[in-house]
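Visitor: Chain by chain, the residues run as shown.
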Amino acid sequence: MIERIEKATEIRHWLGDMEADHYYYSSGIAGEKFFVALRDEGQILGAHCAACNLTYVPPRIYCEHCFAELTEYKDMGKRGCVVAFTIAHYDKAGHRLEPPEIFALISFGPCTTPLLHRLGEVEPEKICVGLEVEAVLKPKKDREGKITDILYFRPR
Amino acid sequence: MDLKKIRKDVAVVGAGMTVFARRLQETGKEMSWEAAKMALDEAGLTLKDIDAVVLGSAPDAFDGVHKKGEWLLDGAGGTNKPFMRVYTGGGTAVFAPIAGWWHVASGMFKRVLVVCEEKMSSVQPHAQSAFAHIWDPILDRPLRPNLVWIFAMEMQRYMHKYNVRYEDIALVAVKNKRNAVGHPCAQLADPTITLDDVINSEPMALPVRRLDISPPSDGASAIVLVSEDVVYEHTDSPVWIEGVGWCLDTTMWTNRDLAFPKFLARAAKMAYEMAGIKNPRKEIDFAEPYDPFDYKELQHLEGLLLADPGEAAIMTREGKTQRDGEFPVCPSGGLLGVGNPIAATLGIKIGEVYWQLARKAGPRQVKKDVRTGVAQAWGDLMQFSAVVVMRRR
Chain A
38 MIERIEKATE IRHWLGDMEA DHYYYSSGIA GEKFFVALRD EGQILGAHCA
88 ACNLTYVPPR IYCEHCFAEL TEYKDMGKRG CVVAFTIAHY DKAGHRLEPP
138 EIFALISFGP CTTPLLHRLG EVEPEKICVG LEVEAVLKPK KDREGKITDI
188 LYFRPR
Chain P
114 MDLKKIRKDV AVVGAGMTVF ARRLQETGKE MSWEAAKMAL DEAGLTLKDI
164 DAVVLGSAPD AFDGVHKKGE WLLDGAGGTN KPFMRVYTGG GTAVFAPIAG
214 WWHVASGMFK RVLVVCEEKM SSVQPHAQSA FAHIWDPILD RPLRPNLVWI
264 FAMEMQRYMH KYNVRYEDIA LVAVKNKRNA VGHPCAQLAD PTITLDDVIN
314 SEPMALPVRR LDISPPSDGA SAIVLVSEDV VYEHTDSPVW IEGVGWCLDT
364 TMWTNRDLAF PKFLARAAKM AYEMAGIKNP RKEIDFAEPY DPFDYKELQH
414 LEGLLLADPG EAAIMTREGK TQRDGEFPVC PSGGLLGVGN PIAATLGIKI
464 GEVYWQLARK AGPRQVKKDV RTGVAQAWGD LMQFSAVVVM RRR
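These protein sequence lines map, in sequence, to chains A and P. Once you know that position 82 of the first sequence is 119 in my numbering, the rest is easy, because the numbers rise by one and skip nothing. Once you know that position 40 of the second sequence is 153 in my numbering, the rest is easy, because the numbers rise by one and skip nothing.
It should be emphasised that the hints constitute simulated quantities derived from the structure, not laboratory data. Be aware that a few hints might be false.
[To be verified] Heads up, simulated DSSO-like pairs for lysine-lysine below, C-alpha to C-alpha not over 27 Å straight-line:
1. Lys-70(A) x Lys-183(A)
2. Lys-183(A) x Lys-111(A)
3. Lys-177(A) x Lys-111(A)
4. Lys-70(A) x Lys-150(P)
5. Lys-118(P) x Lys-150(P)
6. Lys-111(A) x Lys-150(P)
7. Lys-161(P) x Lys-183(A)
8. Lys-161(P) x Lys-180(P)
9. Lys-117(P) x Lys-395(P)
10. Lys-129(A) x Lys-180(P)
11. Lys-194(P) x Lys-150(P)
12. Lys-161(P) x Lys-150(P)
Between the sequences and the hints, there should be enough to build the whole structure, so can you do that?
Guide: Given below as structure tokens:
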């Protein structure tokens, strides 16, 4: 075929999709503890592996490095610092985001895995790696046990 | 096949599996970890001892996560190790262990962990939504087939060509659901089920009735494979993988011999040649063929050359395939009795043959002394089979 077709739908075709109606994703055993503590206590939990001296945030029931079962959950507090960040100016459809959205990895201390979230109440030009931040949560009555119960992290 | 190129003998030294059930709470990673940890514990190994990890899981559409292999990696123990995911639909249950075998047989790795996971409860409204997309989008899908209809046609073809009675097929479901009573992971065990229960169960797509099928499930299973170089550090009585084989028939399922699975016979001959088996009916003591439907156990026994076409139904009627019969088949309880979380059925195929040969099957242990067993799984668009022969030397 040497004819150039500009519109894909001009050729004989069958329309289809690969999607199921929807999926139920569950948070798992450790995830359940994390989200219930966030909703009810306003806590951000981690799980500590003593053998590897590593704290997973959010928690897990196993250490992926040594396979130990993790049963020690601890409240990481609300304060952390920025490990990496980006300022997004366009969404996935190419529309301009105004104001831009700021995503960051937040560390709760040495030997912990960082948490992905957003930054808020901050001038984009003042953000840097190492910026000290704190979590801003939704009021308790609005919390649903979701990662968005944390609104964003702001400088402290 | 050049058998001289196989450098190392490979043994199974541990196996683990989770309960098979609709497990809404646990994540696939958590189930993978549970099974993998059990297998390592039985082998007396820790994750640090493992050189490479093979993961088996059926299409991403079930868990609803793309790159499911990489997503499950940390639960399967693959972090910072050589890792690969394989899948051949339901055949993954036996094909992932074959992939693990070649990692060790090649001489590249001494200790390999194989983990299989499936979480079919995520996809809504039913796993058939995902199965709907395995068909040809132009010739098959507009007619809106589903798997049960297709298998019903295959079952009918099998019954017609070899003059097999439905009542003899249904006896497989009775046997396997009773066998599963001793299995700690069983979802579908039923100590009191009768032939009438199966015959009178709800028609799905005739001749298939509800109790002829194993429904969707969630679970994970794992095994540890080690090289002959280190096997005696871990056990005094290894269970060896003696032969492996796999084969695919055409994707145009309409063009296949639906009564006799030729692709399986080819896979079995490959595995038997590697294992040095000349007369499988004499040299193999028991079998764990893939039994998502009761007629498949019979068809697979015939494809494995352990019965003539149509003869497996007669063996079943005569009680020969019972756990204490002369040729036990699916002593685990199979997919019909334990459950069918696709790839995770590793635990009731390879896992069961290992436990039987290691005499660790507890209440499921077959009566006669068994030295050689065969495990088989079937999958992709009903066109694939994988066969593994295992032996206690």
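Visitor: Does each hint hold? Answer for all of them.
Guide: Now the hints, each set against the structure:
1. Pair hint Lys-70(A) plus Lys-183(A) holds up; C-alpha atoms about 12 Å apart against a cutoff of 27 Å.
2. Simply put, Lys-183(A) and Lys-111(A) have alpha-carbon atoms about 19 Å apart, close enough for the 27 Å limit, and the pair holds.
3. For the hint pairing Lys-177(A) with Lys-111(A), the CA-to-CA distance comes to about 20 Å; that is within 27 Å, so the pair holds.
4. For the proposed pair Lys-70(A) and Lys-150(P), the alpha carbon gap of about 22 Å is at most 27 Å, so the pair holds.
5. As the CA atoms of Lys-118(P) and Lys-150(P) are separated by approximately 32 Å, the hinted pair breaks the 27 Å bound.
6. For the hint linking Lys-111(A) to Lys-150(P), the alpha-carbon distance of about 24 Å falls within 27 Å, and the restraint holds.
7. At most 27 Å may separate the alpha-carbon atoms for a hinted pair to count; Lys-161(P) and Lys-183(A) exceed this at roughly 35 Å.
8. Distance hint between Lys-161(P) and Lys-180(P) is fulfilled; the C-alpha atoms sit about 25 Å from each other, no more than 27 Å.
9. For the suggested pair Lys-117(P) and Lys-395(P), the alpha carbons sit about 26 Å apart, so the restraint of at most 27 Å is met.
10. Restraint check: the Cα-Cα separation between Lys-129(A) and Lys-180(P) comes to about 20 Å, which is no more than 27 Å; the hinted pair holds.
11. Under the criterion of a C-alpha separation no larger than 27 Å, the hint pairing Lys-194(P) with Lys-150(P) is consistent with the structure, at around 16 Å.
12. Our distance criterion of 27 Å between C-alpha atoms is met by Lys-161(P) and Lys-150(P), whose separation comes to about 12 Å.
Of the hints listed earlier, those the structure fails to meet are numbers 5 and 7, in rising order.
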